[in-house]
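Here are the chains, one letter per residue:
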Amino acid sequence: MFPIPIQKRPLINRISYKILVPVSLFVWLIPLIGIMLTSIRGLGDITAGNYWGIPSEFLLFSNIKDVFQNTPMLSYIINSFKITIPTVIGAVAISCMTGFALASYKFKANLFIFFTFIAGNFVPFQILMIPVRDLTFQMGLYDTVTGLVLFHVAFQTGFCTLFMRNFIKALPNELFEAARIDGTSEFNIFLKIVVPLTRPAIAALSVLIFTFIWNDFFWATVLIQGQHAMPITAGLKSLNGQWVTVYHLLSAGSIIAAVPPVIMFFLMQKHFIAGLTLGASKG
Amino acid sequence: MGWFSTTPFLNVPDSTQITYRKSSWWKLNQQRLTPWIFLFPGLLLFLVYVIWPIFNSLYISLLQWDGLSPAIYVGLSNYIELLDDEYFYISLMNNLKWLILFMLAVPIGLGLAIFLNQTIFGIRLIKSLFFFPFVISQVVIGIIFSWFYNPRGVIGPFLDKLGLSNYAILADENFATYGIIFAGIYPQIAYCMILYLTGLNNLNTDQIEAGRMDGAKGFSLFKNIILPQLKPATFLAIVVTVIGSLRSFDMVAIMTQGGPYGSTNVLAYYMFETALSEYGYRMGYGSAIAAVLFTIMMFYILFFIYRMYQSEKKGL
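Chains A and B, in that order, give the protein sequences. Taking this note's numbering, the leading residue of the first sequence gets 1, the next gets one more, and so forth. Taking this note's numbering, the leading residue of the second sequence gets 1001, the next gets one more, and so forth.
These aren't lab readings, by the way, just hints derived from the structure by calculation. Misleading hints may appear alongside valid ones.
[Unchecked claim] Lysine to aspartate or glutamate pairs mimicking EDC-like chemistry, simulated, CA-CA at most 16 Å apart: (1) 106(A) to 1209(B); (2) 169(A) to 1312(B); (3) 1217(B) to 1206(B); (4) 192(A) to 174(A); (5) 1231(B) to 1209(B); (6) 192(A) to 177(A); (7) 8(A) to 1209(B); (8) 1027(B) to 182(A); (9) 82(A) to 143(A); (10) 108(A) to 1312(B); (11) 106(A) to 177(A).
Build out the structure end to end from the sequences listed, making use of the hints.
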């Protein structure tokens, strides 16, 4: 174990460690604590400049109500779900297939296709922006949820394929061979053997993609214009412009935007971290 | 239909023969065709939405085009114009600042991971709270920090004490970029930390113990035994941090929109501004900026692919 477990250190170290950890956590989270404090304040505190003192009123719920009543926040959230959930399903389903194809069949173009997926995944968004926007226009999908979802699915397929392919590659190949000898068709191998075994990878990918897409701002700006399809990130940005001085409402809005991915993270923490750190522990 | 009912036997072997032939063709080629069937939807989408647009953008960068009227082919003149564009150089320099300063996230993340790699009560929750900033949207982080930096906002009282009343870092041409980078690095540190925590978790204990027996401790133990074992984590941390630094669009868009006077522009945002904002619809010029960004990234991608190729060859 590295570093040496604190339990094996002198008492003084143990005590100072136990003090230092919460203190550093507090310092680390100051920006988030600040926004939470602000979201429960009233306008009075904000104009009086009371940002760090005890809030003079507890108005979290009324601020949240305010946000929902006076802004299209609710429709932004619904749009975010409408964009995020189909993308997760689409990208994960497609990459199960591509991952399986690249992991368990030998053919000439295999590595080339695999590396194309990886390379595409790293490309800066700006090099795709104009053609993708044009294409979406031409398909009549500009400013629609569908248009945005289609692009997200396509782009995320790169990362998901990398992930799935490596996961399936690590499964014992004898499993597939035995099934083939038994006369199982390739499609049944996929459905009955691969899909059930990749469940942990599917879970990890789903939470990751959920967070990525929920937090996407760039493509929402490029492919969406109107409120009717705008997700919460782009919505917050437009509120940010209108509400320069009403920080308590902006804070409440930001917290609303952060809740779904945070819940997702806490519920699926193990999978989330497994997904993010894929490759961090082996060569 | 008459012959069908009177001579049923003729029909039966015939049809079985056909299905037999069909299945044997399929059986023979199943292994060869299945991967392509499985690849089809993903590959099609990826080609249409990712691969083709790259080449299309490179072509558009040779045009003069506002997105509506017919495009005019202008050769390399967009690139030549870039050479004299002050804002392009400012953006490029800012990208460099982002890249260099972002790299700090790697050692800071490592430090935090070592600090937190203990088993005390509640450490799991503490680790996840440290990781928190990464889960939250950059838009939210950007909003938090702009409000943080506002001189009449959160840090106002502290600035007053430092004798810097009403100092707004985001309005200061010389320092605004650093203000944004500081906000951007915050979630990135969390990401690097989690990568290193996983790495530390999977260290080879025997080697460490052997090292300790040989009298290695403190920094020499860390440098000679721990760090080499953390190489995969370091590699991944550097990869994601470089990509993160080049994808600085969100933060800039939220916090300054490139201002004041273009001083916080980065290539990613400048490209967007030229091609798709009230500043004009110069698709060709925007694509040329994107092409530069893409070229920088491509070196990096090729390096990554090369490394993966090496490890694939080893694996096969």
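**Study point:** Hints the structure fails to honour
**Key:** Violated: hints 1, 5.
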